[in-house]
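Enquirer: Here's the letter readout for the chains.
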Amino acid sequence: MTMRTGQPDMTSPHGSCYRRAAMSEQERRPETDGRDFADAAWSVPSYLLSGILVWGGLGWLLSWWTGVHAFIPIGVILGVGLAAYLVYLKYGR
Amino acid sequence: MTPLMLVADDFKAPGPSIFDFPPLYDGAPYWLTKPVLMAIFGAVVVCAVAWSAFAKPKLVPRGMQNLGEMGYQFVRDQVARPFLGKDAERWMPLLLSLFFLILLWNFFGVIPLIQIPVASHIAFPIVFAITIYVIKIYLGIKHQGLGGYFKNMMFPPGLPKPIYVLLAPIEFLSNLIIAPFTHAVRLFANMFAGHLILAFFSMVGFWFLFEKPTPLGAGLGVVGVIMTIAMTGFEMFIEFLQAFLFTMLAAMYIGNSLHAEH
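Protein chains in written order, with the numbering used here: chain G, 1 to 93; chain D, 1 to 262.
Where hints are given, some of them may not hold.
Straight-line Cα separation of at most 25 Å, DSS-like style, residue types lysine-lysine; simulated pairs [said to hold, decoys possible]:
#	chain 1	residue 1	chain 2	residue 2
1	D	34	D	12
2	D	161	D	12
3	D	151	D	161
4	D	142	G	90
5	D	86	D	12
6	D	86	G	90
7	G	90	D	161
8	D	151	G	90
None of these hints come from the bench; they were simulated from the model.
Next comes chain G alone, as it looks inside the complex (with noise of 0.2 Å):
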């Protein structure tokens, strides 16, 4: 195949530079491991990141509204435990 040897395809209009049929499963599976371990890396401070803001938000407006203060601290934990299970559910299992 020429797409593998650097010397592209130019002879004909569609060369097979610019245009290609679908792959096949070999050569395929390498890249999709590829895309789900890229996937989970750049994923997982994202999920962590919105785990505590969504529940930790949550725990400060019950603070705000009750004044207990101790919501804060048990959102904030809730949150990343639940952002850490959900990584876990996607790339994990």
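Once you have looked at the hints, place chain D on chain G.
Expert: The following block gives chain D in isolation, referenced to the frame of chain G:
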């Protein structure tokens, strides 16, 4: 007080003000500053390079075409294909332009006389991040349907219903607010901090060797110069890495919109 202490008292470390530029000339509009000029210049250079590399492709590539194809293959094999699979070629024009432009804008940080990474002004990465964000949502709704897109995003299958109440808000915030935000901030913060570090060490070298040279301060000045050189090398690595990451994440967001995860 030692001589070192004395001069160190007057030393002013460069701060965020080094990112403020006046208008280019008297009577210029307030927005027409050096970073804006460099942003335009970078875009023109990328267009020129792409034109000279790909306008008249030869069977045996040489010169600019060689360079362009090396860049193309790098972006296609390392960035596009892992995330887009067989759709990679369709998205190459966007990803290649994005990568080359951000790379050049970043390298402006270490090119003598230019010495300002364009992305150290957050407006520039924000425009890119918003563009990718709009594309991501448009593609997601187009390929998965309005309901399907949000369902796939917020409700990973196979969980008891009460769990979704806990997890869906996290997914929503993560995918629709935090992700585009960090997409822009990651590039901006790296360029901002890197430029500040370079400015600081070169300031140390300049101050203690030329501005206020003292026997004790000279050693510190030499450290400043050495660190400037070392950090310039490190910055070039970071500048490349951030251009790569920004493009990679763009490909990842587009890929996830085209095909629902799992």
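Enquirer: Could you work out which earlier hints the structure fails to respect and list their numbers in ascending sequence?
Expert: 2 and 5
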